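Each chain, written out:
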Amino acid sequence: MTGDTLLLRQIHPTFVQQGRVTSQAFRPTPKDENRLSVYDGDMIQPEPAWQHYTMSLGFSSIGVMAVSHAECGALDLPVEPDPEPFPEHAVINFSALQKNEIEKRAKKLRTHAEARDWLFRYVTTAP
Amino acid sequence: MFRTYTSSGYSPCVPYVVGFQNRWVELVSDPIPFLRPRLVGERFEGGAIPLEVLKDLAAVEELIVEVAKWSYFQDHPDRKRLPRGFSGGVSLKITEIGDGSAIPVIGLFLASANLVTGQQRIYFEQARDHVIHAIDAAENNQTVTSHLPERLLGYFDRVGRSLRDGEAIEFNYVDPAQPARLTRTTRRKLILASADVQEVSEEVVLRGAIPEFDQEKMTFTLQVTHGPRLSAPVGSQHVHTVLEGFNGYRTGVRVALQGVARFNRYNRLQGIETVEHISLLDPNDIAARIDDFRGLGAGWLDGKGVAPAPEGLDWLSCAFEKHYPDHLPLPYLYPTAEGGVQAEWSLPPYELSLEVSLDKRGGEWHGLNLESDLDTTRQLDLESVADWEWMVREIQDLGGRKPR
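Protein sequence lines, in the order shown, are assigned to chains A and B.
Numbers -15 to 111, taken from the working numbering, label the letters of the first sequence in order.
Numbers 9 to 412, taken from the working numbering, label the letters of the second sequence in order.
It is possible that part of the hints are untrue.
Here are the computed lysine to aspartate or glutamate pairs in the EDC-like style, where the Cα-Cα straight-line distance is at most 16 Å [unchecked claim]:
1) B/Lys197 with B/Glu147
2) A/Lys83 with A/Asp16
3) B/Lys63 with B/Asp290
4) B/Lys312 with A/Asp(-12)
5) A/Lys15 with B/Asp310
6) A/Lys83 with B/Glu346
7) A/Lys83 with B/Asp383
8) A/Lys15 with B/Glu346
9) B/Lys312 with A/Asp26
10) B/Lys197 with B/Glu210
11) B/Lys197 with B/Glu207
12) A/Lys83 with B/Glu372
Simulated DEER-style distance windows between Cβ atoms [said to hold, decoys possible]:
13) B/Leu59 with A/Leu41: 55 to 65 Å
14) A/Gly(-13) with B/Glu379: 14 to 24 Å
15) B/Asp222 with A/Arg19: 28 to 38 Å
16) A/Asp16 with B/Asn377: 26 to 36 Å
17) B/Gly49 with A/Gly57: 57 to 67 Å
18) A/Leu41 with B/Glu53: 48 to 58 Å
19) A/Asp66 with B/Gly260: 35 to 45 Å
20) A/Gly3 with B/Lys368: 24 to 34 Å
21) A/Asp16 with B/Glu158: 30 to 40 Å
22) B/Pro318 with A/Asp16: 22 to 32 Å
23) B/Asp222 with A/Asp26: 33 to 43 Å
Hint data in this document are derived by calculation from the structure and do not stem from the laboratory.
Just so we're clear, the structure is a prediction, and the values are computed from it rather than from any experiment.
Glycine included, C-beta positions come from ideal geometry on N, C-alpha and C.
Can you make the complete structure from the sequences, with help from the hints?
Take a look at the structure:
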């Protein structure tokens, strides 16, 4: 991975309201052991990543957003390959941070991802 | 919307009908003190009586007349008909409102022709007592039909229909031993004590989308959010809004409908009887968005999410309704993996969030200035008015004004 490497994040449908994504999508849940799962964008493109996540793994995602490796680095967030679940899997490590520091970084990552816009979005026809 | 009536002076709501003394018209008696129901609940504080509640009181007259007729036939089982004018010349009217309290004083007015026998008054007073006993029986889980026949219980469907949770009409508040408190619960018990009645109507606010609009039949379908699809009539005054809702269905436009709906014995929504108001909802409408979370089950977040508690969602919806002013921008709301709700505001350069614990009725506030990198955190007690006021000030001070 390089600084330009995009880290692809799957967005759960309930984490979007009127097109706006919650900062929660960019912070680990308490059960994630403070590691936020992403796809290594050097190894897989956004749409195939979405297909893998929804079809192979059977999880819910309305689309794919991304932050870069460099953006994580600027926020002192280590990015680590974690190929055990599947080869393209990586994690952004929040484990050294207190809760308000996690929230702060999640908000910044959300802003970076929002500026980059959706890299892939599954379009539904029903409201 | 609300209007306070006092016992002194003219009240435009008092339809005080008086006969002319020197012409042949039906003369009307002086009012006979009949009922002094007390309205209890937040809406009635300070003696205010919302006009919509007058409908509930108006329906009492119909009930009393029918019970008086029944009472008469109980005493005269051999008679097939009522005495002429038994109910025709009778009316119940509000004659005054108790000072500083929500106690409408209701008088019984009798046409003078019927005063001769004095029978009417006896049967109407008996009817009142039967109604009071029946309400009291419902409240105390006793047998309602010991006081009123099943066939008349359906009349309670229109009495007290606008009552909300926590509200009551005490028909006999002067007697603490038998206050005859009509609440949403006792009203339901009274109506369903009749085996003939299968549905109860209640005033409701429903939110949902409009997938169908039949302009020939003038009906539309409301797909209640996480609820049933219901057909409703369209009044001419609502056509424009219904059409807008229907046209916006595919883009997620939702409406709020206020009206009367029917529920079955299991309290399941069965249909919409009347529509009083219908309006398009803001895309970020808080209550409608919170409704979206009601369908989340355990494991909703790819096996990890905790389902938010319905009563917690009700509480949060009411809390925002009560404490969050209209002039501030509506927050974006999202469920959290822990079964809570996170509210977020983007007010460049500020990113604000409130992570709400529905269990604890509290929240963690976090505000970040993306330019200066300074942030603030605060624990909020969301049962506290002061903490809501703090949050409102904070949002306002950080530029949170609704775009015009």
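Inset, instruction - Output the numbers, in ascending order, of every earlier hint that fails for this structure. - result: Numbers 3, 4, 9, 15, 21, 23 - these are the hints that the structure violates, sorted from lowest upward.
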